[in-house]
Amino acid sequence: MSYPNNCFRGIPNDTYIIEDGTAASFLFYFKDEDVRSDGWIEQSINWEDDDLSIKIILGQTKKNGEIQFKEGVAKLPRNEIDRLIKQPSVNGILSYERQPLVNNPYHGNLLLQSDTPKLTMKKIAAGLALVVSEIIPQESLSSHIGQA
Amino acid sequence: MTTYLQETDSKMVFPFKKEAIYSLPIRPVDATTGSDVKPQYIPLPRESGLIKSAWVSIRQSENINTKDQARDLLLLIQDILSDLQQYGFNIGYLPKIYAFNIDDGSILLEWIFKDYRLGFTVEPNPQDSGWYLVTTEKLSNISASGYITKDNFRTDVLWLLNYIISHT
Numbered sequence: 001m002s003y004p005n006n007c008f009r010g011i012p013n014d015t016y017i018i019e020d021g022t023a024a025s026f027l028f029y030f031k032d033e034d035v036r037s038d039g040w041i042e043q044s045i046n047w048e049d050d051d052l053s054i055k056i057i058l059g060q061t062k063k064n065g066e067i068q069f070k071e072g073v074a075k076l077p078r079n080e081i082d083r084l085i086k087q088p089s090v091n092g093i094l095s096y097e098r099q100p101l102v103n104n105p106y107h108g109n110l111l112l113q114s115d116t117p118k119l120t121m122k123k124i125a126a127g128l129a130l131v132v133s134e135i136i137p138q139e140s141l142s143s144h145i146g147q148a
Numbered sequence: 001m002t003t004y005l006q007e008t009d010s011k012m013v014f015p016f017k018k019e020a021i022y023s024l025p026i027r028p029v030d031a032t033t034g035s036d037v038k039p040q041y042i043p044l045p046r047e048s049g050l051i052k053s054a055w056v057s058i059r060q061s062e063n064i065n066t067k068d069q070a071r072d073l074l075l076l077i078q079d080i081l082s083d084l085q086q087y088g089f090n091i092g093y094l095p096k097i098y099a100f101n102i103d104d105g106s107i108l109l110e111w112i113f114k115d116y117r118l119g120f121t122v123e124p125n126p127q128d129s130g131w132y133l134v135t136t137e138k139l140s141n142i143s144a145s146g147y148i149t150k151d152n153f154r155t156d157v158l159w160l161l162n163y164i165i166s167h168t
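In order, the protein sequence lines correspond to chains A and B.
For the first sequence, position 122 matches number 122 in the working numbering, and the numbering has no gaps at all.
For the second sequence, position 86 matches number 86 in the working numbering, and the numbering has no gaps at all.
One should not assume that every hint holds.
Said to hold, decoys possible - In silico lysine to aspartate or glutamate, EDC-like type, Cα no more than 16 angstroms apart, as pairs:
id, chain 1, residue 1, chain 2, residue 2
1, A, Lys-118, B, Asp-128
2, A, Lys-70, A, Glu-139
3, A, Lys-118, B, Asp-104
These are computed hints drawn from the structure, not numbers from a lab.
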């Protein structure tokens with residue numbers, strides 16, 4: 001399966017952004033409640049296959065109609081995720097996939113083995129936050145719509 | 001009080017249990033008063049920019065257990081930094097430590113730099129509390145972690161602070 005160079009992780013609110021504009025490590029914490037029957041824990045992302053991907057994730061809403069990712073999205077280079085996966089202490093417990101949805105063909109997941117110790121999970125999350133290449137704010141949605 | 005010596009090239013800091021003996025006086029002389037500076041009377045205050053916001057965040061935690069653990073950890077970091085400052089090590093360029101109250105009941109203390117992050121995660125179960133150091137490819141792809149144990153607490157924190165001092 002082919003993957004694009006980048007993916008996006010939605011940022012729900014400003015508690016996940018450090019004052020200098022970097023992503024907080026806990027933006028990438030994996031939660032036990034998101035575990036699947038195959039033993040992986042999911043963390044939703046959107047793959048940047050084309051310009052429409054970011055419009056879809058920035059325009060995503062909750063059930064009550066509110067914008068889900070009020071602070072925008074964090075852009076993660078896939079080569080950096082691959083570099084993390086190859087680290088000896090991480091290899092085999094971190095992965096990613098595509099998981100297209102009816103209303104979001106770009107949807108995918110970062111995956112973590114469910115038996116990963118909590119400390120290791122938080123170390124991996126910090127490693128992901130460290131390699132975020134860009135924070136794209138919610139306000140940029142209007143400019144992306146303008147470019148359609 | 002622990003004495004610290006710093007190696008010139010690597011900038012690594014080593015603790016000395018005995019008071020160091022110098023063949024020549026090295027303490028700065030206060031030209032105005034004509035006396036020596038007494039560094040033991042100039043501690044790193046809790047209000048210093050380095051740790052102030054972390055103190056504020058920790059106080060807002062609702063979990064007493066993790067709040068106490070995080071407070072003890074920040075006190076230790078403050079103590080070590082204060083010692084280093086008093087012995088003339090320049091720590092003024094260090095960015096501030098962040099503290100985050102996480103919805104899983106933990107507190108994350110984290111130093112954030114462009115090419116690495118040093119974090120201490122304080123968990124409701126103290127046996128799960130630990131530290132991590134992650135770096136980019138530029139700084140050799142380090143991915144290290146360990147659990148916080150009372151016996152080696154101070155030594156481990158000093159070792160980790162050494163990494164920050166030698167890479168900042």
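These are the hints, each one checked on the structure:
| no. | hint | verdict |
| --- | --- | --- |
| 1 | A:Lys-118 to B:Asp-128 | 7 angstroms, holds |
| 2 | A:Lys-70 to A:Glu-139 | 9 angstroms, holds |
| 3 | A:Lys-118 to B:Asp-104 | 11 angstroms, holds |
When the structure is compared with the earlier hints, no violation turns up for any of them.
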